[in-house]
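S.K.: For reference, the chains in residue letters:
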Amino acid sequence: MTKDELTEEESLSGKDYLDPPPVKTFEVRELKKWSFYRAVIAEFIATLLFLYVTVLTVIGFKSQTDINAGGGACASVGLLGISWAFGGMIFILVYCTAGISGGHINPAVTFGLFLASKVSLVRAVSYMVAQCLGATCGVGLVKVFQSTYYNRYGGGANMLSDGYNVGVGVGAEIIGTFVLVYTVFSATDPKRNARDSHIPVLAPLPIGFSVFMVHLATIPITGTGINPARSFGAAVIYNNQKAWDDQWIFWVGPFVGAAIAAFYHQFVLRAGAMKAYGSVRSQLHELHA
Amino acid sequence: MAKDVEAVPGEGFQTRDYQDPPPAPFIDGAELKKWSFYRAVIAEFVATLLFLYITVLTVIGYKIQSDTDAGGVDCGGVGILGIAWAFGGMIFILVYCTAGISGGHINPAVTFGLFLARKVSLPRALLYIIAQCLGAICGVGFVKAFQSSYYTRYGGGANSLADGYSTGTGLAAEIIGTFVLVYTVFSATDPKRSARDSHVPVLAPLPIGFAVFMVHLATIPITGTGINPARSFGAAVIYNKSKPWDDHWIFWVGPFIGAAIAAFYHQFVLRASGSKSLGSFRSAANV
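Residue numbers (my numbering), protein chains in the order written: chain A, 8 to 296; chain W, 61 to 347.
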């Protein structure tokens, strides 16, 4: 018993960080605070800007490389530029909104953090609704600016490419979202912050880079969703049969990937399970004593 | 005598605000009993799996989209610049995510270099290398599972010597490329440098990722750029053709030599361990 106490004390004195307690699933007191609504508004605006810049980049690329309409094969920013647009915008927007809403900008990220008890159910649902509405408005702006080009060049919608089956599409979305959400968990880990002298200043950069990387890899397969709001917003405005037929891939894949990332980070890397086991054993030991 | 003895320690304490960690034991039995050891191995496996999945998928995707005989177009795909970004960017992300867990090696050459510098024990080094190779195989396996015909048609992302280059050139490119990477790793993790940067290691992964990016820009035309034996091994296993296997030794010998040179350069030239050893000998003789 005394030895156990010493161990616990030792453990406490060895840590210079504090894991925040799990957020209650049905926390409702936050509904009375302005910071909650400010966060929801921030997610809406961030997702709107994200979709506006990225989809505008996609449509611009396609119109400028359309050889049948006077474009040139090498005339635009290329797929590399499109990937940068997605990754770069996430970097900027996460940087801007991290202190306000946590900078999710992605229902899959929100879902992963919800599973890890870092956001409440009410907040998670509100964020997802705001993100989907923001995405719809963002793509809506793009269509308003160039309706003809928008419709002609696929509306920036996510669809399974020819030559790939549904399983591959889902698999690509799962692994891609795992990379993103795993990076988010690592970037926001309080233990990591302690190691970095509590300076999280660069957390948005690897998150933006992970989006950039996944786009480089999976644009040929699905146009890269890994963000259900992004896929939803484009599907709503483009309103095309195939975009809707494939839409489920862009919700199931990301949510499964986020869940796996949450599990991996919480139970393997942070050893939550081992600690739980340890505490159970400790209790048994107490009973025995 | 008295003056010498008193002065040196005082001087040392006043000027140094960092502490070099002691050399890792050759074989550390204690670490084998801790979960953090196995967690680190798992982290290396997952990181290398993701690294190969994203990068080889990018390579195959680029080749599909730029194949003008099969419906692709000039300037289709992300370009070779995009491929270099995929390699460098993934190393940045993964080193960032796993630095606090396993040290973020993701590369047998890095593990080997750190082992030579006494920063990891032998069992840890061996298990990391095995985990990295297995992770690489699984990562490329995913890519093949997703697009088997494309994968086989477009070279499987495997490293082999390009036409027009001799074996010696390929080997030299791998040696120098890995030297750049491992030397950057040593600089980024140097405790003396951390002290100078106010002990904030937050930016360490970025130059490491950029080192990988730079070397890829330079040597993709020569060997497709290995500088990571696990990466070359994973692709060779899944692609399983004669030429990648014939050239495969280049991608282990080159990186390991480059890592050894980097370890020597950093430990004995830049950190002057050799001079300090000589100094301690002289001091002993004096006594």
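Each hint should be verified, as a subset may be incorrect.
What the hints assert, rightly or not - 20 Å max Cα-Cα, derived SDA-like pairs, lysine to any residue:
| id | chain 1 | residue 1 | chain 2 | residue 2 |
| --- | --- | --- | --- | --- |
| 1 | W | K301 | W | T212 |
| 2 | W | K123 | A | V275 |
| 3 | A | K39 | A | V136 |
| 4 | W | K93 | A | V275 |
| 5 | W | K94 | A | R277 |
| 6 | W | K204 | A | G174 |
| 7 | W | K204 | A | R277 |
| 8 | W | K204 | A | D169 |
| 9 | A | K69 | W | T128 |
| 10 | W | K123 | A | V175 |
Unchecked claim - Computed spacing ranges between beta-carbons, pair by pair:
| id | chain 1 | residue 1 | chain 2 | residue 2 | range |
| --- | --- | --- | --- | --- | --- |
| 11 | A | D252 | W | T128 | 47 to 53 Å |
| 12 | W | P81 | A | I107 | 52 to 58 Å |
| 13 | A | Q248 | W | V313 | 42 to 48 Å |
| 14 | A | I107 | W | P251 | 35 to 41 Å |
Claimed, not checked - If you want the ones that stay clear, here's a sample from chain W, every Cβ over 10 Å from chain A, calculated:
| id | residue |
| --- | --- |
| 15 | R99 |
| 16 | T115 |
| 17 | L117 |
| 18 | V133 |
| 19 | F202 |
| 20 | L266 |
| 21 | K301 |
| 22 | I317 |
Honestly, the hints are just simulated from the structure, not real lab data. Backbone N, C-alpha and C define an ideal beta-carbon position, used for all residues, glycine too.
S.K.: If a hint holds in the structure, say so; if it does not, say that too.
M.R.: Verification of the supplied hints:
1. K301(W) - T212(W): Distance of about 10 Å is within 20 Å: holds.
2. K123(W) - V275(A): 36 Å, violated
3. K39(A) - V136(A): 19 Å, holds
4. K93(W) - V275(A): 16 Å, holds
5. K94(W) - R277(A): 14 Å, holds
6. K204(W) - G174(A): Satisfied, since the Cα-Cα distance of roughly 13 Å is no more than 20 Å.
7. K204(W) - R277(A): The hint is violated at about 32 Å.
8. K204(W) - D169(A): Given that 20 Å is the threshold and the Cα spacing comes to 17 Å, the pair holds.
9. K69(A) - T128(W): Holds. K69(A) to T128(W) sits at ~18 Å (cutoff 20 Å).
10. K123(W) - V175(A): 18 Å, holds
11. D252(A) - T128(W): 47 to 53 Å: 31 Å, violated
12. P81(W) - I107(A): 52 to 58 Å: 39 Å, violated
13. Q248(A) - V313(W): 42 to 48 Å: 56 Å, violated
14. I107(A) - P251(W): 35 to 41 Å: Holds - the Cβ-Cβ distance for I107(A) and P251(W), about 36 Å, lies within 35 to 41 Å.
15. R99: 6 Å, violated
16. T115: Answer for T115(W): violated, closest chain A Cβ roughly 8 Å.
17. L117: Not fine: 4 Å to the nearest Cβ puts L117(W) too close to chain A.
18. V133: Violated: least Cβ distance 5 Å, not greater than 10 Å.
19. F202: 7 Å, violated
20. L266: 7 Å, violated
21. K301: Fine: 23 Å to the nearest Cβ keeps K301(W) off the interface.
22. I317: About 29 Å separates I317(W) from the closest Cβ of chain A, which puts it past 10 Å; holds.
The structure shown violates the earlier hints numbered 2, 7, 11, 12, 13, 15, 16, 17, 18, 19, 20.
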